[in-house]
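Spelled out from the first residue to the last, the chains are:
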Amino acid sequence: MEYLIAFTSTSQAIRAERLLMDAKLKIRVMPLPGQINVGCGICLRVEAEELEEALRILQSRLIGGIEVYQKTLEGKRIIYLPHPITTQEDESTG
Amino acid sequence: MIYFDNAATSLTRPPEVGQAVRYAIDHFGNSGRSFYDAAMESGRAVFDARAGIAQLIGLDNPLQVAFTSSATEGLNLVIRSLIKSQDSVISTVTDHNSVLRPLYLTGCDLRILGCDDKGNLLLDDLDRLVRPNTRFMVCNHGSNVTGNINDARAIYSWCRAHGITLILDIAQTLGSIPVTADMADIFCFTGHKGLFGPQGTGGIIAAEDRPFPLVKTGGAGTDSFERHQATRMPDVFEAGTQNSHGLFGLLKGVEFINRTGLASIQERESRLTERFQEGIRDLEKITVYGDFSKARLAVVSLTLEGMDSSDLALRLWEEDQIATRAGAHCAPLIHQHFKTEEQGMVRFSFSRFNTEEEIDQGIKALRRIAG
Numbered sequence: 111m112e113y114l115i116a117f118t119s120t121s122q123a124i125r126a127e128r129l130l131m132d133a134k135l136k137i138r139v140m141p142l143p144g145q146i147n148v149g150c151g152i153c154l155r156v157e158a159e160e161l162e163e164a165l166r167i168l169q170s171r172l173i174g175g176i177e178v179y180q181k182t183l184e185g186k187r188i189i190y191l192p193h194p195i196t197t198q199e200d201e202s203t204g
Numbered sequence: 002m003i004y005f006d007n008a009a010t011s012l013t014r015p016p017e018v019g020q021a022v023r024y025a026i027d028h029f030g031n032s033g034r035s036f037y038d039a040a041m042e043s044g045r046a047v048f049d050a051r052a053g054i055a056q057l058i059g060l061d062n063p064l065q066v067a068f069t070s071s072a073t074e075g076l077n078l079v080i081r082s083l084i085k086s087q088d089s090v091i092s093t094v095t096d097h098n099s100v101l102r103p104l105y106l107t108g109c110d111l112r113i114l115g116c117d118d119k120g121n122l123l124l125d126d127l128d129r130l131v132r133p134n135t136r137f138m139v140c141n142h143g144s145n146v147t148g149n150i151n152d153a154r155a156i157y158s159w160c161r162a163h164g165i166t167l168i169l170d171i172a173q174t175l176g177s178i179p180v181t182a183d184m185a186d187i188f189c190f191t192g193h194k195g196l197f198g199p200q201g202t203g204g205i206i207a208a209e210d211r212p213f214p215l216v217k218t219g220g221a222g223t224d225s226f227e228r229h230q231a232t233r234m235p236d237v238f239e240a241g242t243q244n245s246h247g248l249f250g251l252l253k254g255v256e257f258i259n260r261t262g263l264a265s266i267q268e269r270e271s272r273l274t275e276r277f278q279e280g281i282r283d284l285e286k287i288t289v290y291g292d293f294s295k296a297r298l299a300v301v302s303l304t305l306e307g308m309d310s311s312d313l314a315l316r317l318w319e320e321d322q323i324a325t326r327a328g329a330h331c332a333p334l335i336h337q338h339f340k341t342e343e344q345g346m347v348r349f350s351f352s353r354f355n356t357e358e359e360i361d362q363g364i365k366a367l368r369r370i371a372g
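Chains as they are written, first to last, in my numbering: chain Z, 111 to 204; chain P, 2 to 372.
It is worth saying that the hints were derived from the structure and are not from the lab. Just so you know, not all the hints are guaranteed correct.
Said to hold, decoys possible - Quick partial rundown of chain P residues pointing at chain Z, CB under 8 Å, derived from the structure:
1) F36
2) R233
3) P235
Here the structure is a predicted model, which is why all the values come from computation and not from measurement. Just so you know, even glycine gets a beta-carbon here, dropped at the ideal spot from N, CA and C.
Chain P extracted, bound-state conformation (with noise of 0.2 Å):
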C-alpha cells in the first residue's frame, strides 16, 4: 500500500511511539490518583507530553496543555464553556464541522468569512463581519482540504485589535509547521495526525493560565469532597480518567519532532507536496484546489472532469493499492465555495515519511487514469 491520507491520520510513526504504548499498556496505573510507582510512572509521562507540547508552542507552563479525546472534543469543550447564543462569532468557509458543528449548537449569531478562488481567507472583510457583540473567533489554522495556510498572525491581531479572542483550530499544523503560542488566546489540536500520537489523544492550549467554565465534570483526584471541580488548566476540561497510554505514545511523537526539527519535516512535505503537484500539472482534465505560489500542507485535493471522487479513489486503491481520502473531507462550506458538493475532492496527504518512489508511483497512477 502507499499511504496518501496522512492528513486523515498518520500510518507510519516513529516505532518508539508503538513501543511505548505497548510498555504503558502493561505498567501503567491510573495517572493523577495515587502515589506509588505505577501511578506515578502513568502521571509522569501524562505530565511530560504536557511538556513536550509546551516547548512545541514556546509554552513555559506545561500546566496551560490540557488533554482530550481528539481535536474535536477540545473544540467542543472550549465553544461550550466559552460561547453562548448571545454572542457573535467569526469562522470561515474552510473550516471544518468539527469547529461549525459545535457552534451550530450553541445558537450563536455566526458570520462566515470566505475566500478567493484559491482558497485564501478575505481578510479584509473581516472588518464587515464584526458586530457590537462579537467576542469570538473560532478558525483552522491550515485548511484539512486546500492545504493553505491561514495567516494566523494577521487573523490574531486583528482579533486582538477588536477585543475578540482567537480559538485556533491547529488540527492540520501542529507538528507539520510552526505554531507558537502568540498566534492564538486558545489552540485546539490532535495527536494522531502530525505528531505521530496514537488515534484518541489531542487537547486544548491556553497561551495565558486562565480559568474555564465548567463543562465536564467528575472525578479528578482533586477537592473529593466540594461539589464542583477546578476550573484552572488543565484540570478544568480534564474529568476522568486519562489516556495515559496513547499519551505515553503522544510524547515519544512530540519528542520525534522536538528532535528531528520542524524546518526539516517541513521541509521534506514540501518537497514531496512539490513534486506531485509537479507531476500532474499538465493534465487537463484534473483540476487542483488551493494556493500553490506560497508556503501550504501535504495536501492536494483534486477533480477529475467527468469521474466521481470516490469512483477515482477506487481505482487508485484498486489498480494501484494507493489510499487517498475521496468525498467532502467534513467542510461543507468550502465543498460549496468550490461547488464539489456533489462530485467530492480526492484528496493526496502526504508525510514525511513518504518516499519519492511513492510519490512517482501516484503520479504514474494519476496520469494513467486521467490520461
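Just chain Z, with the same shape it has in the complex (with noise of 0.2 Å):
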C-alpha cells in the first residue's frame, strides 16, 4: 500500500524530501495527482510501513500543511483517499 504526503509549497516539499532521504526512508518524488488540491505542485510517495516514520520526522521539525492520501484502486482507476494524519494548515496562505 502506499501513500502520498502532499504539501503547501514546493520549497517545504523540497524540504521534506532532504529531511525523509536523510532518514533513509525509500520515499520517491512525484507530479501531484490532479484530483489532490492542496497547491504544491510536487508530492513525495511513500510506503505504508515507513508512513508513520515520516511523518514524525516532519512534525518534529514543525513542517506544517501536511496532508495525506492513500492510494487505492476503484475499479481500474486510482484513486486517493484523504487518511486522518493531517497536520494543522498553515495560517500563511495569501
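Need the complex rebuilt from these two chains, each delivered in its own frame; the hints are there to steer you.
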C-alpha cells in the first residue's frame, strides 16, 4: 500500500524530501495528482510501513500544512483517499 | 592585477564555486516546478543553499531564508512590503543607497542617526529620533565606506525596548564577521561578496517564521488556481524561476566559509588590513576614514590631499595594476559627513585570498604617489 504526502509549497516539499532521504526512507518525488487540491505541484510517495516514521520526522521539524492520501484502486481507476493524519494548516497562505 | 575591490564584489573565489555554476547550467531543470531528476537536483541545490545560509547565521529552519537577486532587491522588497508612508523610520548616515532610496520611495518620515568624526554611530541620539509612530529601523551592520562595524546587538536591544522592527543590511558582513539570527528581526544579504557566490545571488532572512505582505507575485509552483501567492517565507519573495545555477555556486561559497571558519577568515582579513594601514599611516597627505581602534571590516578608505579620488584610483591602476574603487560608493550621507562629496575617497577592500605581498605592493604604490 502506498501513501502520498502533499505540501502547501514546493520549498516545503523539497525540505521534507531532504529530511526523509537523510533518514534513509524509501520515498519518491512525484507530480501531485490533479484530484488532490493542496497547492504544491509535487508530492512525496511513501511506503505504508514507513508512513508513521515519515510523519514523525516531518512533525518534529515543524513542517505544517501536510496532507496525507492513501492510494487505492476503484475498479481500474486510481483514487487517493484522504488519510486522517493531517497536520495543522499553515495559516500564512495568502 | 592586484584586486583590492572586494567590498564591491569578490573576484578570487574558491574554485568549486565556478565549477558548480558550470555544472548547474548544463544539468539543472527548474527548481521546485517538477519531480524528475533534473528539476529535483535544482530544487535540492536551492534548498541546500538555504540550509547553508541558515547554518551560518544560526537558524534551524532553512525556509526562513528567501533568495533574491541581490541585497538591494532584498531591501527593496522588505521595505516595500512592510513600510508605509505614515510610518516614522530610523536609518543612519552610514547607510548605502540600497537602504536610503527604497526608504525615500515609501514617503515615510525618515530620521537619520548621525556619527562622530571616526564614523561611529551616535547611538545615544536614538532616543531623540524616536517618534510615537516609529515602527522600523533600517541600517547596515558594517559600513562599505569606513569599514566600521555597527553594534547590531546594542541597536537591536534598543529597538526591542521601543517595539521597533530592525531590518539589518548585512551586505558587507555576512561571511566576513559573525552575524547571528538574534541581531535583528530581518536581514538582507548578498551572495557575491563575503560569501564568494556568483553575482545575481542574495536574499532575505526572517529571524522568526512570519508572513509578509505581498509585493512580488507570479508563478511559484504552488497554489496555481489561487489569485494570490502565499505570504509565507520563502515563497512570498520568490515569484518566478530561481537562479538555481547561481545558488548552487553560492552553496559552494557558503560551504567553504562553514568549513574554513569565520574566525579564521576574520583573523586573516584583519591582519591584512592592519598591515596596510600600518604601512601608510605616516603619510601626511593621506587621510584615512573610520575607526581603527577596534574590530572592523577589511576596508580602508582614504583621500590624498589635492588629488581627486578618480585620479588616484586611475594612477594606481595604470602604474601598478591595482584595482580600487573611487568616488562616493553609493553612500552619499557619509561622504557629506566627511565633506568628501566632491573629492570622493579611494577604497581599498581586501579578502582572505589577498596576500601579504599584494598588500606590500599596494603600500609601495601609495607611498610613491603620495610621497
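Each hint tested on the structure:
A least Cβ separation of about 4 Å between F36 (chain P) and chain Z falls short of the 8 Å threshold, and the interface hint therefore holds. Checking R233 (chain P) against chain Z by beta carbon gives a least distance of about 4 Å; that is within 8 Å, so the hint holds. With a cut of 8 Å, the hint placing P235 (chain P) at the interface with chain Z holds, because the nearest CB-to-CB distance is about 6 Å.
In summary, the structure agrees with every hint in the numbered list given earlier.
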